[in-house]
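Number of protein chains: 2
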Amino acid sequence: MRKIGKQEIEDMAVGAALLGTGGGGDPHIGKLMALQAIEEYGEVTLLDVDEVPEDALVVPSSMMGAPTVMLEKPPSGEEAIEAFQILEKYLGKKIYATFPIEAGGVNSMLPFALAARLGLPVIDADGMGRAFPELQMVTFYLDGISATPGVFADEKGNTALLSTIDNVWTERIARAATVQMGGSTMVAMYSMTAKNLKESGIPNILKLEEEIGKTIRLAKENNVNPIREVLKITGGFELFQGKVSDINRKTETGFARGVATFEGLNAYKGETLQLRFQNEHLLAQTEDRVLCVTPDLIAVLDAETGLPITTEGIRYGARSVVIGIPCNPKWRTEKGIATVGPRYFGYDVDYVPVEELVKKGVTL
Amino acid sequence: MRKIGKQEIEDMAVGAALLGTGGGGDPHIGKLMALQAIEEYGEVTLLDVDEVPEDALVVPSSMMGAPTVMLEKPPSGEEAIEAFQILEKYLGKKIYATFPIEAGGVNSMLPFALAARLGLPVIDADGMGRAFPELQMVTFYLDGISATPGVFADEKGNTALLSTIDNVWTERIARAATVQMGGSTMVAMYSMTAKNLKESGIPNILKLEEEIGKTIRLAKENNVNPIREVLKITGGFELFQGKVSDINRKTETGFARGVATFEGLNAYKGETLQLRFQNEHLLAQTEDRVLCVTPDLIAVLDAETGLPITTEGIRYGARSVVIGIPCNPKWRTEKGIATVGPRYFGYDVDYVPVEELVKKGVTL
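Protein sequences, first through last, are from chains A and B. Each residue of the first sequence is one higher than the one before, counting from 1 in the UniProt record's numbering. Each residue of the second sequence is one higher than the one before, counting from 1 in the UniProt record's numbering.
If you are wondering where the hints come from, they were derived from the structure by calculation, not from laboratory data. Careful, some of the hints might be misleading.
Stated by the list, open to error - So these bits of chain A aren't anywhere near chain B, every CB distance computed over 10 angstroms:
| id | residue |
| --- | --- |
| 1 | Q7 |
| 2 | T234 |
| 3 | G235 |
| 4 | D302 |
| 5 | I337 |
What the hints assert, rightly or not - Each computed DSS-like pair below joins lysine-lysine, with the alpha-carbon atoms no more than 25 angstroms apart:
| id | chain 1 | residue 1 | chain 2 | residue 2 |
| --- | --- | --- | --- | --- |
| 6 | B | K89 | B | K220 |
| 7 | B | K89 | A | K94 |
| 8 | A | K269 | A | K359 |
| 9 | A | K89 | B | K93 |
| 10 | B | K220 | B | K250 |
| 11 | B | K156 | B | K89 |
| 12 | A | K73 | A | K250 |
| 13 | B | K93 | B | K195 |
| 14 | B | K195 | B | K335 |
| 15 | A | K207 | A | K6 |
| 16 | A | K214 | A | K3 |
| 17 | A | K198 | A | K94 |
| 18 | A | K94 | B | K93 |
| 19 | B | K335 | B | K198 |
| 20 | A | K156 | A | K73 |
| 21 | B | K93 | B | K198 |
| 22 | A | K156 | B | K335 |
| 23 | B | K198 | B | K73 |
| 24 | B | K89 | A | K89 |
| 25 | B | K94 | A | K93 |
| 26 | A | K207 | A | K232 |
| 27 | A | K359 | A | K198 |
| 28 | B | K243 | B | K232 |
| 29 | A | K93 | B | K93 |
| 30 | A | K243 | A | K269 |
| 31 | A | K335 | B | K6 |
| 32 | A | K89 | B | K94 |
| 33 | B | K6 | B | K195 |
| 34 | A | K93 | B | K250 |
| 35 | A | K6 | A | K250 |
To be verified - Far from chain A, by Cβ distances over 12 angstroms, these chain B residues were calculated:
| id | residue |
| --- | --- |
| 36 | E51 |
| 37 | L57 |
| 38 | K73 |
| 39 | I86 |
| 40 | K93 |
For glycine and all other residues, C-beta sits at the position ideal for the given N, C-alpha and C.
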């Protein structure tokens with residue numbers, strides 16, 4: 001148990017944006033919301049999952065929708081509270097603590113904003129160990145934990161308590177409604193016991209986020225290369241160094257989809273990297289090789305500062321280093337690959353772990 | 001109070017399809033579902049709204065979605081029960097009786113199917129006096145009665161309890177979700193007291209439906225012209241006699257939209273009628289005149305039998321009589337016209353009552 005104040009939030013936001021692989025929302029907005037809530041309501045207690053009673057009701061709080069929409073329409077905070085209240089009333093039980101559903105600029109931070117306002121602790125665990133664009137893409141789903149009964153709510157005051165036969169239906173119905181509700185909603189789904197979270201979640205994700213953020217922040221002061229340090233902490237690999245030569249994106253059916261092209265620099269001169277994303281970066285490939293593919297993590301970092309760049313933050317000409325990080329082993333199962341592997345997203349490549357790809361390369 | 005058995009259902013189904021102005025779903029399916037439930041569970045008690053205690057909780061049961069979808073995917077009946085149960089649990093009160101939300105082939109009949117199964121009475125009142133395609137298009141809305149808390153449920157077992165800031169939001173959110181859920185759902189919305197229904201509903205709609213159906217059924221036996229009799233009962237007007245020469249329709253965003261063209265016969269020879277519909281027939285016009293426009297009722301009847309023809313039942317070559325019927329006065333208010341008048345549906349004509357249009361004609 002420890003207290004999370006402003007510096008911790010600043011660091012976590014950076015690490016979350018990196019693990020968010022380009023998605024999970026704008027780190028600036030998420031951070032501002034968390035900082036503002038801590039300023040107003042005080043620091044937030046962070047618990048390890050082992051510190052929570054096994055039968056306690058725990059519920060992640062997250063935003064659903066396109067990050068590009070969120071830039072224009074940040075949540076008020078009220079809708080997250082209302083979603084929790086509706087769920088508590090329905091379940092007839094108090095929510096003991098909240099936690100992030102994923103690592104990402106917004107969804108790592110929103111639980112702190114809500115926790116500060118409600119005086120709840122945050123648990124250091126999530127359901128992805130990275131970010132993903134759809135509701136069923138959580139390790140909880142792999143273990144058969146239902147997303148519903150669950151609530152989604154918009155900033156206008158519209159709410160829905162959903163009960164579905166499986167989590168893919170939750171995604172379909174809530175997504176369609178969310179698009180109607182202005183493109184983003186606050187979601188209270190995957191209510192579970194702390195025991196469920198311990199067994200099916202990914203622990204210590206916030207600690208990792210904070211460590212990444214702190215390392216990047218102190219790199220100059222410590223006279224180290226921030227990207228090399230991040231690779232050490234995460235067990236990741238450098239995939240490419242390049243300059244953005246083309247960026248093509250659109251927001252459709254609630255997602256920010258697109259492709260970014262990087263022209264190689266330094267050791268990569270003459271090579272071209274294509275990075276495909278659907279809210280998150282999902283596939284990095286050169287003309288003849290796949291370098292990294294979902295569910296392994298792909299992050300685009302500013303070549304100088306090491307700061308992560310989101311899909312909507314990629315700008316023409318930006319000098320970047322693209323890195324790949326092995327995903328949590330839960331994703332490397334048959335159901336994991338079926339749920340979040342390349343073919344689910346429509347890419348005609350097989351999943352091969354990034355550590356093998358960087359070793360030998362794979363011809364397309 | 002009286003009992004509704006199979007003959008009453010047969011007659012009501014015909015009258016409902018006529019007042020449904022081409023929409024409200026296939027009369028055959030709705031009738032079959034009601035008949036089957038009565039066969040299995042016994043006759044249903046029909047109450048006048050005055051016979052219900054003023055503070056009793058009453059809830060209409062209806063189908064949301066495109067009638068063309070409903071032809072392929074009829075409701076199981078279970079989803080309507082589940083919607084009622086979720087609403088009762090949420091409101092903490094037993095539902096005393098149900099009633100139709102609108103006049104139409106399916107939505108006039110479904111309350112009988114549900115009532116038979118649950119042993120509930122049906123109240124002789126509705127919220128339209130005709131059929132309309134959207135959730136907020138009820139006389140209850142004109143009086144500020146909320147559609148939510150309300151439930152929609154599909155035949156697979158997916159349900160949503162919705163709470164919205166107004167009924168137009170209910171429509172938008174439930175419609176988008178319904179499209180995802182296969183194109184049709186069963187809906188339990190506009191829960192109210194019997195006093196609300198008495199003040200804001202349209203009474204004796206089922207009695208009128210039955211009278212219309214019975215008159216058409218017995219016309220041959222009584223040696224009368226069924227269409228002339230229907231005009232007498234409803235206070236309606238003959239608008240056109242013709243043969244369908246063109247029919248153009250598609251199902252999009254949950255609606256059956258289109259336009260049918262009729263070539264004039266008999267006294268109308270040489271004239272052409274265009275009939276525009278969006279689930280319901282909404283605008284009837286010749287080259288130079290509007291003949292009838294929403295919210296007044298437009299019905300297409302088989303020239304020989306007088307039986308009503310739904311929008312999806314209009315066939316090339318069918319000899320038809322098109323009639324217009326004045327709508328309930330509640331619709332002829334400013335809010336009524338704003339809610340269901342021609343401009344809401346995108347038709348660039350003013351609303352003029354059908355009784356004036358047939359008197360003098362209106363140049364486009």
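Going down the list of hints, with the structure as the test:
1. Q7: holds (39 angstroms)
2. T234: holds (37 angstroms)
3. G235: Its Cβ never comes within 10 angstroms of chain B, the nearest being 39 angstroms, so this holds.
4. D302: Its Cβ never comes within 10 angstroms of chain B, the nearest being 39 angstroms, so this holds.
5. I337: holds (26 angstroms)
6. K89(B) <-> K220(B): violated (50 angstroms)
7. K89(B) <-> K94(A): holds (19 angstroms)
8. K269(A) <-> K359(A): Holds: K269(A) and K359(A) sit about 20 angstroms apart, inside 25 angstroms.
9. K89(A) <-> K93(B): holds (16 angstroms)
10. K220(B) <-> K250(B): With a Cα-Cα distance of about 36 angstroms, the restraint between K220(B) and K250(B) is violated, given a limit of 25 angstroms.
11. K156(B) <-> K89(B): OK: K156(B) and K89(B) at ~21 angstroms, within 25 angstroms.
12. K73(A) <-> K250(A): holds (17 angstroms)
13. K93(B) <-> K195(B): The hint holds at about 16 angstroms.
14. K195(B) <-> K335(B): holds (22 angstroms)
15. K207(A) <-> K6(A): Holds, because 15 angstroms separates the two Cα atoms, which is no more than 25 angstroms.
16. K214(A) <-> K3(A): holds (16 angstroms)
17. K198(A) <-> K94(A): Judged against 25 angstroms, a Cα distance of about 19 angstroms means the pair holds.
18. K94(A) <-> K93(B): holds (24 angstroms)
19. K335(B) <-> K198(B): The given pair, whose Cα atoms are some 19 angstroms apart, holds under the 25 angstroms limit.
20. K156(A) <-> K73(A): holds (11 angstroms)
21. K93(B) <-> K198(B): Holds. K93(B) to K198(B) sits at ~20 angstroms (cutoff 25 angstroms).
22. K156(A) <-> K335(B): Distance ~23 angstroms between K156(A) and K335(B) Cα, so the pair holds.
23. K198(B) <-> K73(B): Status violated; Cα separation ~34 angstroms.
24. K89(B) <-> K89(A): holds (11 angstroms)
25. K94(B) <-> K93(A): OK: K94(B) and K93(A) at ~24 angstroms, within 25 angstroms.
26. K207(A) <-> K232(A): Holds: K207(A) and K232(A) sit about 15 angstroms apart, inside 25 angstroms.
27. K359(A) <-> K198(A): violated (33 angstroms)
28. K243(B) <-> K232(B): Holds: K243(B) and K232(B) sit about 24 angstroms apart, inside 25 angstroms.
29. K93(A) <-> K93(B): Satisfied, since the Cα-Cα distance of roughly 21 angstroms is no more than 25 angstroms.
30. K243(A) <-> K269(A): Given that 25 angstroms is the threshold and the Cα spacing comes to 10 angstroms, the pair holds.
31. K335(A) <-> K6(B): violated (52 angstroms)
32. K89(A) <-> K94(B): Holds - the C-alpha atoms of K94(B) and K89(A) are around 19 angstroms apart, at most 25 angstroms.
33. K6(B) <-> K195(B): Outside the cut-off at roughly 30 angstroms; violated.
34. K93(A) <-> K250(B): At roughly 48 angstroms apart (the allowed maximum being 25 angstroms), K250(B) and K93(A) break the hint.
35. K6(A) <-> K250(A): Violated - the C-alpha atoms of K250(A) and K6(A) are around 34 angstroms apart, more than 25 angstroms.
36. E51: holds (34 angstroms)
37. L57: Since the minimum Cβ distance to chain A is about 19 angstroms, L57(B) lies beyond 12 angstroms and the statement holds.
38. K73: holds (16 angstroms)
39. I86: violated (8 angstroms)
40. K93: holds (16 angstroms)
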